[in-house]
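Peer 1: Full structure from sequences and hints, please.
There are 2 protein chains.
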Amino acid sequence: MMKVAIIGLGLIGGSLGLEFSKNHCVYGLDNNQKHEELALQLGLISATIPFEKLHEMDAVVIAVPVDKIPNVTKEVLDSITDKTLVFDVGSIKENVCNSIKNHVNRKQFLATHPIAGTEFSGPNAAVKNLFTNKVNIICEKQLTDTKQFEKFIHIMGSIPMRYVFMASAKQHDKHIAYVSHLSHISSFMLGKTVLEIEKEEETIFNMAGSGFESTVRLAKSSPNTWTPIFLQNKKHIINSLDEYINNLQDFKKMLQKSEQENIYNSLKETNRIKEILP
Amino acid sequence: MMKVAIIGLGLIGGSLGLEFSKNHCVYGLDNNQKHEELALQLGLISATIPFEKLHEMDAVVIAVPVDKIPNVTKEVLDSITDKTLVFDVGSIKENVCNSIKNHVNRKQFLATHPIAGTEFSGPNAAVKNLFTNKVNIICEKQLTDTKQFEKFIHIMGSIPMRYVFMASAKQHDKHIAYVSHLSHISSFMLGKTVLEIEKEEETIFNMAGSGFESTVRLAKSSPNTWTPIFLQNKKHIINSLDEYINNLQDFKKMLQKSEQENIYNSLKETNRIKEILP
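For the record, the sequence lines run as chains A and B. Residue numbering for the first sequence is 57 to 334, as defined by the working numbering. Residue numbering for the second sequence is 57 to 334, as defined by the working numbering.
A hint or two may mislead.
It does not matter which identical chain is meant; a pair holds if it fits inside one copy or across any two.
[Unchecked claim] Restricting the straight-line Cα-Cα distance to at most 27 Å, the calculated cross-link-like pairs of lysine-lysine (DSSO-like) are:
id	residue 1	residue 2
1	Lys-139	Lys-197
2	Lys-255	Lys-308
3	Lys-255	Lys-230
4	Lys-313	Lys-226
5	Lys-330	Lys-184
6	Lys-291	Lys-276
7	Lys-139	Lys-308
8	Lys-124	Lys-324
9	Lys-308	Lys-291
10	Lys-330	Lys-190
11	Lys-230	Lys-313
12	Lys-90	Lys-330
13	Lys-184	Lys-90
14	Lys-157	Lys-290
15	Lys-309	Lys-226
16	Lys-276	Lys-330
17	Lys-313	Lys-276
18	Lys-309	Lys-139
19	Lys-255	Lys-291
20	Lys-124	Lys-308
21	Lys-255	Lys-130
22	Lys-59	Lys-109
23	Lys-203	Lys-308
24	Lys-184	Lys-130
25	Lys-197	Lys-330
26	Lys-124	Lys-276
27	Lys-203	Lys-309
28	Lys-255	Lys-226
For the record, the hints were derived by calculation from the structure and aren't laboratory data.
Peer 2: Here it is as structure tokens:
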């Protein structure tokens, strides 16, 4: 049984607390006192812990919004000894990896990205089995002490996840911009476009079931979570947006010219996604 | 027990056959002979029927691809008497309504759009309960004979659906462009953009679960079904695409300038979709 502290008790931090509590002593802290109280009530953590005591932990998990992760991680690394593992669970990896790359305790740190979530946020959003059978991307494992990495695997051990290793945090951020962040923006802007035209909300509701519901699902996501993600990864996201907008404009031109065969081929080619995501 | 013929034995026609077979004698025809044989084997219909015998039916359902619906409907209306109801189930309504608006048998016809589907196509895609609790949009009901409309309700009676009436087929096509067709294009182009950048398909698979799967689901849809839909409704779709692209470009500009508050507000405002589609 290890002592694990979680900083940031929202959807991800809270859900990790639920899992870790099965086998470990879980402590928590959050700069929102109500979140701490709620996390205690909901059994996400067994006690709160002040920042000054984090050095007593076997592991510290950084689960704050992505724009706060670099500073919080640096402060935690400043305050621990070589007996503590620190890992973050943010969806951007280059900002935190760069900010602590020369830190004396760099080898105590592991950059992780468990790809899981719902459109809800805060301690109330914490759910069991959020991470079950999901992918966890580990970046720059080569810079983490082997013993600390083994401890990480031990702590995460009770959660069945598929681990993927990426040597470069920058590569992670580029790929995730396309596969995750662009999906969220396409969904948010689809929701916005439909809301603008459909002043009578009844029409949207009446026509639901038409494919709109699944494509717009991500537009229910929390602006508190996603505004910093988009800003932190803006370079890669802007590239992906440019390519997405180009593809939409090309499609529009084909439609304008009624290019039946080209439209068919474009759709058919994209059907390849069936083989990758069956 | 009524005699109902279905022209076009794909996903929609086949699934209707399954439902109607519970209470009626269901006949089918398809210009693809293999589809007819398959529909018989699968029990979607109890017999095939030649076009020349359609006038013997109580009702004829037009379930061919949307670009074929106007002509097929016209030919069927040419060949029946006032004892037969004809209704189509296509996802575009203006083309068929306009093409038969002056037909001597116009009052025998009902324009319907049961909003249901999957990404699969052909007789093998036919499934039970495809229409259960879905919306069925009826256009221009005012132009259909009351007795024929009552027959329609009788035939559809065993399927629990929510009926929505729109006096104007043009209004239907405009709304459906935003709520359904734009969703499909945004999904297809998202799939295309990600496939182009992610040459290594493993990366897509590894990063699945990141929201990409739900937003790209519609990109698995059949090009045979969707190419004609996009072309038939191109005017309204191009308008919706223009607004969607504008919103994406505005979002990109906010990102470029790191306008945190504007991005937050845009996402927050779009969250309203939660209240409409809970």
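Peer 1: A separate judgement is required for each hint: does it hold in the structure or not?
Peer 2: Checked hints:
For the identical chains of this complex, Lys-139 and Lys-197 are intra-copy neighbours only, at 18 Å inside a copy versus 75 Å across copies, given an alpha-carbon limit of 27 Å. In the homo-oligomer, the alpha carbons of Lys-255 and Lys-308 lie at most 27 Å apart both inside one protomer (25 Å) and across protomers (25 Å), since each shortest distance falls under that limit. For the identical chains of this complex, Lys-255 and Lys-230 are inter-copy neighbours only, at 13 Å across copies versus 37 Å inside a copy, given an alpha-carbon limit of 27 Å. Taking the shortest Cα distances, Lys-313 and Lys-226 sit within 27 Å of each other only across copies (22 Å), while inside one copy they are farther apart (40 Å).
In this homomeric assembly, Lys-330 and Lys-184 come within 27 Å of each other (Cα to Cα) only across copies, at 23 Å, whereas the closest approach inside a single copy is 29 Å. In this assembly of identical chains, Lys-291 and Lys-276 lie within 27 Å of each other by CA distance solely inside one copy; the values are 24 Å within and 29 Å between copies. When the C-alpha separation of Lys-139 and Lys-308 is checked against a cutoff of 27 Å, the pair qualifies neither within a copy, at 58 Å, nor between copies, at 44 Å. Only between protomers do Lys-124 and Lys-324 lie at most 27 Å apart by alpha-carbon distance; the minimum there is 20 Å, versus 43 Å within a single protomer.
For a Cα distance limit of 27 Å, the shortest separation of Lys-308 from Lys-291 qualifies both inside one copy, at 26 Å, and across copies, at 10 Å. Within a single copy, Lys-330 and Lys-190 get their C-alpha atoms as close as 19 Å, and across copies as close as 25 Å, so both meet the 27 Å cut-off. Within a single copy, Lys-230 and Lys-313 get their C-alpha atoms only as close as 34 Å, which misses the 27 Å cut-off; across copies the closest is 20 Å, which meets it. For the identical chains of this complex, Lys-90 and Lys-330 are inter-copy neighbours only, at 24 Å across copies versus 44 Å inside a copy, given an alpha-carbon limit of 27 Å.
When the C-alpha separation of Lys-184 and Lys-90 is checked against a cutoff of 27 Å, the pair qualifies only within one copy, where the shortest distance is 21 Å, while the shortest distance between copies is 48 Å. Taking identical chains as interchangeable, the C-alpha atoms of Lys-157 and Lys-290 lie at most 27 Å apart only when both belong to the same chain, with a minimum of 21 Å there against 53 Å between chains. For a Cα distance limit of 27 Å, the shortest separation of Lys-309 from Lys-226 across copies, 23 Å, qualifies, whereas the shortest one inside one copy, 34 Å, does not. Taking the shortest alpha-carbon separations for Lys-276 and Lys-330, both the intra-copy value of 25 Å and the inter-copy value of 6 Å come in at or below 27 Å.
When the C-alpha separation of Lys-313 and Lys-276 is checked against a cutoff of 27 Å, the pair qualifies only between copies, where the shortest distance is 24 Å, while the shortest distance within a copy is 35 Å. Taking CA atoms no more than 27 Å apart as the test, Lys-309 paired with Lys-139 passes in neither setting, with 61 Å inside one copy and 46 Å between copies. Proximity of Lys-255 to Lys-291 under the C-alpha cut-off of 27 Å is restricted to the inter-copy arrangement: shortest distance 20 Å between copies versus 34 Å within a copy. Proximity of Lys-124 and Lys-308 under a CA criterion of 27 Å is satisfied inter-copy only: 23 Å between copies versus 40 Å inside one chain copy.
Within a single copy, Lys-255 and Lys-130 get their C-alpha atoms no closer than 48 Å, and across copies no closer than 35 Å, so neither meets the 27 Å cut-off. When the C-alpha separation of Lys-59 and Lys-109 is checked against a cutoff of 27 Å, the pair qualifies only within one copy, where the shortest distance is 11 Å, while the shortest distance between copies is 79 Å. Proximity of Lys-203 and Lys-308 under a CA criterion of 27 Å is satisfied in neither setting, with 55 Å inside one chain copy and 43 Å between copies. With identical chains, the CA atoms of Lys-184 and Lys-130 are never at most 27 Å apart, being 30 Å at best within one copy and 57 Å at best between copies.
Taking identical chains as interchangeable, the C-alpha atoms of Lys-197 and Lys-330 are never at most 27 Å apart, the minima being 32 Å within one chain and 39 Å between chains. Within a single copy, Lys-124 and Lys-276 get their C-alpha atoms as close as 23 Å, which meets the 27 Å cut-off; across copies the closest is 38 Å, which misses it. In this assembly of identical chains, Lys-203 and Lys-309 lie within 27 Å of each other by CA distance neither inside one copy nor across copies; the values are 57 Å within and 45 Å between. Taking identical chains as interchangeable, the C-alpha atoms of Lys-255 and Lys-226 lie at most 27 Å apart only when they sit on different chains, with a minimum of 17 Å there against 42 Å within one chain.
Checked against the numbered hints listed earlier, the structure breaks hints 7, 18, 21, 23, 24, 25, 27; every other hint is satisfied.
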